[in-house]
Amino acid sequence: MKVKGTYKRSDIWLAFWLIIPTLIAIGITAFYPLGQTIYDSFFKWSLKPGFEREFLGFQNYINLFQNPRFLSSLWNTIYFTFFSVLIEFLLGLGTALILNADFKLRGLVRAAVLIPWAIPTAVSSQMWKWMYNDQYGVISLMLYNLGILEEGTPILGTPGMAMSAIIAVDVWKTTPFVALLLLAGLQIIPNELYEAARIDGASIWKQFTSITLPVLRPTIGVTLIFRTLDALRVFDIVYIMTQGAVATETLAVYNRSLLMDNIFSPRGLFGYGSALSVVIFLIIGIFTLIYMRSLNIKLD
Amino acid sequence: MKKVVVLFAILTMVLSVFSITITMTAGAVGRELEVLYEQIAVFMEENPDITVNVLPMPNSSTDRHDLYVTYLASGTPDPDVLMLDVIWPAEFAPFLVDLTDDYDYFGLDAFFPGTVASNTVDGSLVAVPWFTDAGILYYRKDLLEKYGYDVPETWDELYTAAKDISAKEGINGFVWQGARYEGLTCDVMEFVHSFGGEIMKDGKVVVDDPEYYDNNLAAITFMNKLIVDGVSPAGVTTYMEEEARRIFQNGDAVFMRNWPYAWSLANAPESPVAGKVGITVLPKGPAPDGRNSATLGGWNLGINVNSSPAEVEASKKLIKFLTSKEQQVYKAVYAGQTPTMIEAYNDPRTIEANDFYPDILDVFLNAEPRPISPIYSEISYEIQVAVHQVLTGQSTPERALDSLARNLKSLVE
Chain A
1 MKVKGTYKRS DIWLAFWLII PTLIAIGITA FYPLGQTIYD SFFKWSLKPG
51 FEREFLGFQN YINLFQNPRF LSSLWNTIYF TFFSVLIEFL LGLGTALILN
101 ADFKLRGLVR AAVLIPWAIP TAVSSQMWKW MYNDQYGVIS LMLYNLGILE
151 EGTPILGTPG MAMSAIIAVD VWKTTPFVAL LLLAGLQIIP NELYEAARID
201 GASIWKQFTS ITLPVLRPTI GVTLIFRTLD ALRVFDIVYI MTQGAVATET
251 LAVYNRSLLM DNIFSPRGLF GYGSALSVVI FLIIGIFTLI YMRSLNIKLD
Chain B
1 MKKVVVLFAI LTMVLSVFSI TITMTAGAVG RELEVLYEQI AVFMEENPDI
51 TVNVLPMPNS STDRHDLYVT YLASGTPDPD VLMLDVIWPA EFAPFLVDLT
101 DDYDYFGLDA FFPGTVASNT VDGSLVAVPW FTDAGILYYR KDLLEKYGYD
151 VPETWDELYT AAKDISAKEG INGFVWQGAR YEGLTCDVME FVHSFGGEIM
201 KDGKVVVDDP EYYDNNLAAI TFMNKLIVDG VSPAGVTTYM EEEARRIFQN
251 GDAVFMRNWP YAWSLANAPE SPVAGKVGIT VLPKGPAPDG RNSATLGGWN
301 LGINVNSSPA EVEASKKLIK FLTSKEQQVY KAVYAGQTPT MIEAYNDPRT
351 IEANDFYPDI LDVFLNAEPR PISPIYSEIS YEIQVAVHQV LTGQSTPERA
401 LDSLARNLKS LVE
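One line per chain: the protein sequences are A and B, in this order.
Anchor point for the first sequence: position 229 equals 229 in the UniProt record's numbering, and the numbering is continuous, going up by one each time.
Anchor point for the second sequence: position 227 equals 227 in the UniProt record's numbering, and the numbering is continuous, going up by one each time.
I should point out that these hints are in silico values taken from the structure, not numbers from a laboratory.
There may be inaccurate statements among the hints.
Simulated pairs of lysine to aspartate or glutamate, EDC-like, Cα-Cα distance not exceeding 16 Å [stated by the list, open to error]:
no.: 1; chain 1: A; residue 1: K129; chain 2: B; residue 2: E241
no.: 2; chain 1: A; residue 1: K129; chain 2: A; residue 2: D236
no.: 3; chain 1: A; residue 1: K129; chain 2: B; residue 2: E242
no.: 4; chain 1: B; residue 1: K141; chain 2: B; residue 2: D252
no.: 5; chain 1: B; residue 1: K317; chain 2: B; residue 2: E45
Note that the structure is a prediction, hence the values are computed from the model and not measured.
Model the full assembly from the supplied sequences, consistent with the hints where possible.
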């Protein structure tokens, strides 16, 4: 193994040149748009031709945090994220433990479990929207038959119920993904550990808390980061199923409305929308830091 | 042989110097795209120097809006001819070629005045009406007859008939578009106007003007009453056009509010209600302010301001061709899309294919535009939210109208 400082000069230069295209690509695709968005967020600005940029400082951010629509979409996003990630994690862990066990047709079951995740979200959202329909939806029918719902209740049109319905779709769609990640983590635990534990007389629960969970911790961390970041910017499911009506609007759905519906608005909402984008970015960044700290994950 | 090839090559090169290619966006609902391809083939035969590329768009108007936003904001010269929803001209006007001087070239005197007005922004014409839309009432002829009801002329008559028949038949009374999206704004405008109310007038917010407030309140209250009393299923708060149509076409509703496109589908051979459907104007609100009202919909053709002068000229030719009487008749017959030119309705071919046209011609003549404003989407959003909160039981009509008035005023002033 080479020690730092023992590389040849030419090797270092080669490495430098090889990494440059990557840096440029990241700069163009990630940092430039990010910087531009942050810059725009300080202005009253619209893409309408002839619109005069007007410097506002932090006014867009101040307005944002006083806007009830922003606050409710922030709350909706956090609510969605908390419940969908929690349920997905628990169900995914259970699924992974089952799939990790030895049984016949394990390969087939593993593949089958992945189907919901393989369907494009736009397609599955539309499919679930139909299943939730009050007149011909199969889910509505089942819930009526079980006496849980009154006949004719529109699941996606009822406050409270609509958000739960959306979370259910996300859980259905993403649990396989969580299970897959956790399964990969489980696979690296050597069987000898469990054998030794069994010989020492450890119960299944003891084995789970003393072997499985600690070894799985980095995987759990990565899984939770992936899922939380995805959930915090949830867009397609909500947009297709309710367009954000009945208290289901999330930050990303609100952001689309500001940046697309009102892009040429003479009210100069492009800067305002940029401020919202920055806020979403910050929220996601903060969550990532919290996770990495609390789970002690290192990126290198 | 060689000489011919060389000659041909030179000829093509010379021709290509004078020929021009333009791009046009188009919808693909029902048969409209196939019909457009047929029309464009004819146009290119008549104009060998012009080649037209067609760029199909998503079905949803909102998604089309997103697409245009990215085209126009980036300043790309393509597409040249833009198919525009009737609510967009004010917002997109800075990106569209001013066609005011071409008023006579397009023969716009022969068009429905409402459709031309909806394309006029601050006195400038920015697009040419291509086909129009207006809200209409579909009803079950057989069921009205069975229970001895006339075709309803007022909302109260519709309410009574729908409630009675739906209870006896075990189906829905009246389905419409109650999901929180642009379609709800269309429906709200119809209820409000037919009750003699008004939300915006001449760019001013008049929701809470004493002159209109009571009628606005009555209209929203009536919409809510339809749901509370079970005349409309609670699910209308999630329905768009197609959800309502599926229910009606399946024979599960007595009345439906929808656009004309549903007619040919409801009467298709495989439709369970084929031949049992009638079509009429939407009912009047209660006297003395009540009147019939239909919201103006439809699509227009405008030209991208970044196109080169030659492309603009070619685009004008294409638009003139597509909006000519002959082509409007063709479109009405084969794609079922309603003409914007009055003359096209008198053509026997149009009437043969759409025998309800003469009865509801007045609806199209008098269709009422939604508020014309460069911040239309924000205005529409506020209307949708206010009414949807009433319909889903999150607010009362009074509170919703108050907050609508407040929010609209903060937008406009």
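Are there hints from earlier that the structure breaks, and if so, what are their numbers? Of the numbered hints given earlier, the structure breaks none, since each of them holds.
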